[in-house]
Each structure stands twice: as structure tokens, then as C-alpha cells.
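Chemist: What follows is each chain in one-letter form.
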Amino acid sequence: MMAETTLLDIKGVETYYGNIKALNGVDVHVNQGEIVALIGANGAGKSTLMMTIFGAPRARSGTITFAGTDITQMPTHEIARMRIAQSPEGRRIFPRMTVMENLQMGAGLDNLKHYDEDAEKVFTLFPRLKERIAQRGGTLSGGEQQMLSIGRALMARPKLLLLDEPSLGLAPLIVKQIFDAIRELNRMQGLTVFLVEQNAFGALKLATRGYVMVNGNVTMSGTGKELLANPEVRAAYLEGGHH
Amino acid sequence: MAVSVSSERDTVASPVQRAFREALYAGAISLGLFILFIGLKTDQNISNQLILAQRWGLLITVVVLTMLGRFFYIAYGQPFMANQKIADVATGLLPASVASRFFQLPAFIVAVVLAVILVAFSSALPALVGPDLAGYLQFLRALAVIYALACVIFYFRAFIHANFTKLGIAALVLYPILVVVVLSVYAWSIMGGLQGSLKWVDNYGIQILIYVMLAWGLNIVVGLAGLLDLGYVAFYAVGAYAYALLGSHYGLSFWILLPAAGAMAAFWGVLLGFPVLRLRGDYLAIVTLAFGEIIRLVLINWRDVTNGSAGVSGIPKVTFFGLMTFNSSDPNYIGKVLDIAQSSAYYKIFLYYLILALALLTAFVTTRLRRMPVGRAWEALREDEIACRSLGINTTTTKLTAFATGAMFGGFAGAFFAARQGFVSPESFVFLESAIILAIVVLGGMGSLVGIAVAALVMIGGTEALRELDFLKSIFGKDFTPELYRMLLFGMAMVIVMLWKPRGFVGSREPTAFLRERKAVSSSFTKEGHG
Numbered sequence: 000m001m002a003e004t005t006l007l008d009i010k011g012v013e014t015y016y017g018n019i020k021a022l023n024g025v026d027v028h029v030n031q032g033e034i035v036a037l038i039g040a041n042g043a044g045k046s047t048l049m050m051t052i053f054g055a056p057r058a059r060s061g062t063i064t065f066a067g068t069d070i071t072q073m074p075t076h077e078i079a080r081m082r083i084a085q086s087p088e089g090r091r092i093f094p095r096m097t098v099m100e101n102l103q104m105g106a107g108l109d110n111l112k113h114y115d116e117d118a119e120k121v122f123t124l125f126p127r128l129k130e131r132i133a134q135r136g137g138t139l140s141g142g143e144q145q146m147l148s149i150g151r152a153l154m155a156r157p158k159l160l161l162l163d164e165p166s167l168g169l170a171p172l173i174v175k176q177i178f179d180a181i182r183e184l185n186r187m188q189g190l191t192v193f194l195v196e197q198n199a200f201g202a203l204k205l206a207t208r209g210y211v212m213v214n215g216n217v218t219m220s221g222t223g224k225e226l227l228a229n230p231e232v233r234a235a236y237l238e239g240g241h242h
Numbered sequence: 000m001a002v003s004v005s006s007e008r009d010t011v012a013s014p015v016q017r018a019f020r021e022a023l024y025a026g027a028i029s030l031g032l033f034i035l036f037i038g039l040k041t042d043q044n045i046s047n048q049l050i051l052a053q054r055w056g057l058l059i060t061v062v063v064l065t066m067l068g069r070f071f072y073i074a075y076g077q078p079f080m081a082n083q084k085i086a087d088v089a090t091g092l093l094p095a096s097v098a099s100r101f102f103q104l105p106a107f108i109v110a111v112v113l114a115v116i117l118v119a120f121s122s123a124l125p126a127l128v129g130p131d132l133a134g135y136l137q138f139l140r141a142l143a144v145i146y147a148l149a150c151v152i153f154y155f156r157a158f159i160h161a162n163f164t165k166l167g168i169a170a171l172v173l174y175p176i177l178v179v180v181v182l183s184v185y186a187w188s189i190m191g192g193l194q195g196s197l198k199w200v201d202n203y204g205i206q207i208l209i210y211v212m213l214a215w216g217l218n219i220v221v222g223l224a225g226l227l228d229l230g231y232v233a234f235y236a237v238g239a240y241a242y243a244l245l246g247s248h249y250g251l252s253f254w255i256l257l258p259a260a261g262a263m264a265a266f267w268g269v270l271l272g273f274p275v276l277r278l279r280g281d282y283l284a285i286v287t288l289a290f291g292e293i294i295r296l297v298l299i300n301w302r303d304v305t306n307g308s309a310g311v312s313g314i315p316k317v318t319f320f321g322l323m324t325f326n327s328s329d330p331n332y333i334g335k336v337l338d339i340a341q342s343s344a345y346y347k348i349f350l351y352y353l354i355l356a357l358a359l360l361t362a363f364v365t366t367r368l369r370r371m372p373v374g375r376a377w378e379a380l381r382e383d384e385i386a387c388r389s390l391g392i393n394t395t396t397t398k399l400t401a402f403a404t405g406a407m408f409g410g411f412a413g414a415f416f417a418a419r420q421g422f423v424s425p426e427s428f429v430f431l432e433s434a435i436i437l438a439i440v441v442l443g444g445m446g447s448l449v450g451i452a453v454a455a456l457v458m459i460g461g462t463e464a465l466r467e468l469d470f471l472k473s474i475f476g477k478d479f480t481p482e483l484y485r486m487l488l489f490g491m492a493m494v495i496v497m498l499w500k501p502r503g504f505v506g507s508r509e510p511t512a513f514l515r516e517r518k519a520v521s522s523s524f525t526k527e528g529h530g
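Protein sequences, first through last, are from chains A and B.
Sequential numbering of the first sequence, starting at 0, is according to numbering that gives the first Met the number 0.
Sequential numbering of the second sequence, starting at 0, is according to numbering that gives the first Met the number 0.
Each statement offered as a hint is correct.
Calculated cross-link-like contacts (lysine-lysine; reagent style DSBU-like; alpha-carbon spacing at most 35 Å):
#1 B:Lys165 with A:Lys129
#2 A:Lys158 with A:Lys10
#3 B:Lys316 with B:Lys198
#4 B:Lys477 with B:Lys198
#5 B:Lys198 with B:Lys335
#6 A:Lys204 with A:Lys224
#7 B:Lys165 with A:Lys112
#8 A:Lys158 with A:Lys204
#9 A:Lys129 with B:Lys500
Computed far set for chain A versus chain B, every beta-carbon distance over 12 Å:
#10 Gly24
#11 Thr64
#12 Leu184
#13 Gln197
One side only, chain A facing chain B, incomplete, derived with CB under 8 Å:
#14 Thr75
#15 His76
#16 Ala79
#17 Pro87
#18 Arg91
#19 Phe93
#20 Pro94
#21 Glu100
#22 Met104
#23 Gly105
#24 Gly107
Just so you know, the hints here were simulated from the structure itself, not pulled from any lab data.
Where is the CB? At the ideal position from N, CA and C, for every residue including glycine.
Kindly produce the complete structure, drawing on both the sequences and the hints.
Modeler: Structure below.
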């Protein structure tokens, strides 16, 4: 694994909502080819970090570097064009557009050259979407919407895929399907994934490395296995929850 | 258990008993509603003092009518419809049952015969039966014609549904010709036909098409991009004044000023767009509302340029592409060039085709843009702004292009309006116009061109048709002017449509991306339905 090249580097990032500090100097980095999981309780600032990478809200201090470029002050749409794709919290698919149109939106409006090829890849990963291709996004089930959201993100041929709670509100079987798909993307295509999850057990099992976030601070980090074995992590996020 | 509760209530109150109760409620509500509106009226007496006129008789009539309506609806209407529904479910007739019961061959024949007889004797009727009854018969004739047309449309509904756009455009292109031919035959002279066509081409055709075009233009902003704009009439005003001022002061031709008016309106669209980029929904609506009012107040107060509320008059007519004019005093007047009799109808018919072309241009551009990246971005923006940005869409330019494109078509329509009227004043650009245009977009179904065109036809054509209902004067008295009630009917129509079809006449969004086999996809799509 070429774990040494850092793709995304977040250093000392502080983000505010008005006067409320949501991120308190966060240091996180994601190396090329890794799956990195960020776990934490509700309100820890996980999604805020995810959105801060995209510049909405913008970091008040600290730097975010992607593939050697400082993206801290870049407009959101230009950050997306650096080929960072996101499956945002709450999926945010376009409900009145068909599955096909949703995927086209992901492919970027200016360039539909690779559309057929990329769509085929998405359909191999999520065959369910192909059955639903002419159906409107809003009429899909939750799991299908999540698949569509990830599929749409993949259409941009991303260097880095950001996933915000892909397991939220889904049945265990679908969660397993989605996690399997993420693992496959990572293994087969070498896609780098940064994952935010409340489902700590599933996420850490999947991840190369993980971070634990509490009240806007990263309190722990390590490989997925280390964190899974860590008694504090077990006590806070695993015991009494899943398994 | 839940079932037994409701059935118990039903056994206690028979339909008639329930109808009594409901009628009393309805009477109480309408009494409360109308006591101030109808029961009392402010008036001025001879010495110019404000007095209260009491109209208890009218109030009682309205209340009693409401009670009777409610009573018969609950006692007989509702059970009848429920029984029909049960019968239809049993026979499997349900989907088209109401309409197919309403449109039947014998009734169609009666309607046609009635219409033909009434048309044939229309000139003799007032002498035969008196003016009052003749008025009623005229109304009856209109109803018979509408019913017969509706029957034909119903019979060919599958064909019409499949070729709606083509048929619609063909009908619009042929409309003035048809009107002139029919009226010429009716009046037995071509000049009579041309003269008679003025009302149909101008009051109905042009008037409706202006609103179709405005609503299609606003549809880009509201329907596609989802930016609620309550001040759209501002761009209409900019276009109208651009042509009015430049045309009357500098004598520039309509064909030069039309694009200029569009460009100017688009410029103002961008100017409005900038400060409101960060706003959405209610906040955006308030700012655009204010913008519309500001433009109007500027037009009123900037007297040196706009001549204030007196307006600009003497706006030059459109020429036939510079080749012929429609001023009978000009050497190249169309009548002289083509060597035909003088008539004001040529200009109206020409204007009709001009606004039709402009409206179709709007529709064409809209449908093409929807398939292009910018149009797709508009629709995505309407659905989810945050998702848009994280997919690399520049929401700033997307919003500005929506405002500019919508405003441009408003400007075109404005220039046309100024040319048609020959006179503009700030009075034509009040908030009510914005509201009407927006109401048409909402009624038609946001984003649907066909739905919006139908809504404009019904709303604007319907309010125009109110002027025809002269016979109502024999019921409500000589002072009764039915067209004053058009806003009431407008509101009623909106309430009814929003109850039956909350997403407008055409509520489903037509997808713009298709698989190879387009038919299969679109038919399976229509079954999804509700979004």
C-alpha cells in the first residue's frame, strides 16, 4: 500500500457556527488508497468537518490541503472540481429527477464523455440502480437513495470520496451491502475514502485507520483494529450498541 | 372498532338529517363571512358624505343559496357520487367514468343542433323573444358550443394527448385565419369578417398569448430554478419602457429595440440577482416584491424621463420587417402595397403572429435549455442547493443566468406590450400583474409549459369571457359588471385547482434524459405519478 502520500491534510482547523465553536483545532490526514473512518457521538462535529472540507461552512483558522493544493479558501464548487466527491449527510439526491439524471448530475455538467462507462461501473456495484434507472429519485427506498448518492459521487471519477453516515437509517443487510461496496471500491479501484459514521463497529472494521472525535476535538487515532480493541472506544461507542 | 364508531354515527344521522345540520353550519359561516362584505356597503350620498347602505335582502339571498347548495350536496349529491363510485368499481369503469358519463352522443347531438339553431337565428332573436331572454340564449349558445367542443376533445383524447404540442401549435397558427373565415361567412363579407375578428384576435388571442409568454418566462425563474420571484412585472416594465422611450424619442425600429429591450431587462435581472444570491424562499420573495415596487415607483417619480403617471404615448407601431407599415397614411401602408382594402385588423393579426412567435421562442429556448447543462443545473438548484454546490455547480452563475434569462423574456414581452398598446404607464405594472403571472405558473404546474399555457388560457380567457355575460345584468341589475368579479373567480379557481391538483394542471416533471428506447421509459414513468 502506498500509504505514505498524503492526499488530504487537515491541520488545526477551527470552524464556528456564529459564535459557537464546532471544530476546535482538528488535525486529520487521509493517505492515498486508505479508508479512514471518523467516529463520534451526535454533535461531536463529524459532519461539520466533512462540510468544512467543502468550504461550507468555511474554516476560520487552520489549513486544508488536497493533493498539494491549499483548498481552505476555495469556493465550494471549485473544491468539488478538484475531484473530491461527497455523499452528503441525508443523501441529498435530487428527488424529482430520475436515477439517470441524478447520475448525470454527478458526472459533472461539462463533461459527459465518460458517462456510459462510469454509469456501467456504478450499476455493477449497485445493480438495483439499473432496475430503477427511469424512476424518480424521491420514489426510491432509503437504501436505494443511499446507493444513488454514492453512485452519483462516483460519477465524478473522484480521487477522494467523502461519505457522511452512509449507514444512517438503513436495515443491517443494506448497511452490509453498502460497506461491502465501499470495500470493493477501495480494493479494486484503489479509491481513497474518508468516512464519517456513528456505526462505529462497522466503520472501524472497514477502515484502514480511524479517528475518534469528541466535542470538536480529535481525541484518539489509530488503525481500525487498534481502535476496535481500545477499551475506551469499546466502552463509549461499541458496548451496548452494536453486537 | 374504529369502523363501528363511524357507522354508528351514520345510523344516527341519515343523509337528510346530516344535510340539515351541515346546511345550518354553512349558513352560519356564510352569514359571518358576508355580513360585512355584502350586508353593508359604504356609499356616498348627494352631499358627498360617506354613508352605510344596508343590503339585507341580498345578504339573505346569498346565505339561503349557500344553505340550499350545501343541503342538496350532502343530501343527494354525495350519496349519488358514492353510489356511482361503488357501481363503477363493480363494472371496472372507474378511471374515465365521470367524464364518459358527462360526454355522451345524444347530448352532443342536442348541443350541436341547439348551437346551430341559435347561431342561425341569432340576429332575429332579440326581436323575437326580447333582449333579456336573447341574452340568456346567447349564453346557452356559448355553453352548447363549449360542450360540443369538449365532447370532440374527449372523443379524440388519446390522439390529442399523444400529439398535444403539434396540435396546439397548429391550432394557434390557424386561429386568426379560422376566426376571419368563420366570421366572414357569418357576416357574408370579408371586411365584416376582418372587423369582427378584432375582438377574437386582439382581446382573446393576443391578450392570452402575452400572459402565456410572461408565465413561460417566469417559469424559468420560479418553475425551473425554484427562485420565488414576486416582482417579475418589473422586467416587463423595463422592456415596455425601453421600447416606449427609445422608440418614441429616437424613432428606432421595433426590430432593433426588441433585442435591446430584452438585453436591458436581462441586465436588470442580473442586477436584482446579485444582492439576492444568498436568499431563498420567503426572503427572496420579499426582496423581489420590493424590487418590483421600486421599479414602478421610479417610473412614477422620474418624470423627466418617464413622464410620470401620465405615461408615454405615441409609441410607434411595429412594421412588417421594415417593408410595410400599418399606418394607413404611410406611402408603404400594407393596404396600398398589397392593394387591399384598408382595415385595422391586419395589424392585430400581424401582432398575433408576432406574440405567437415570441411565445414559441420562449418555449423552444426553455425546452432546449432544460436539456443543456445550464437548464439541468437550474433544476438541480431547485431541488437541492447544497448538493449542487458539492457536485461542482457554480450556484452564483446558475442563479444569475436564471434571473437574466427569465427577465429577458419578460423584456421581450414588455416591448411587445408597448408596441401593441401604443401607450404605457406605470399603472400597467402593478404588483397584481406579478401575482397573476405567478398564479398562472403555479396553477399550470411549475416547470410544465403545457400546463402553464392551459392555465393562462383558462384564467385570462375566462376573465375576458366574463365581459360577454351581459345577460347577468337582467338578474343583478343594470349596474352589474361581471368583469369586476374576475379576481373573485380567479381566487376561486385557484382554490379549486389546488384542492384537486395541488401540483397544478400538469404536476409531474418530464425527465430530460432518456434511455435509447424512449417510449418504454416515459410510459413506465407516468405510472409513478406523484413524486
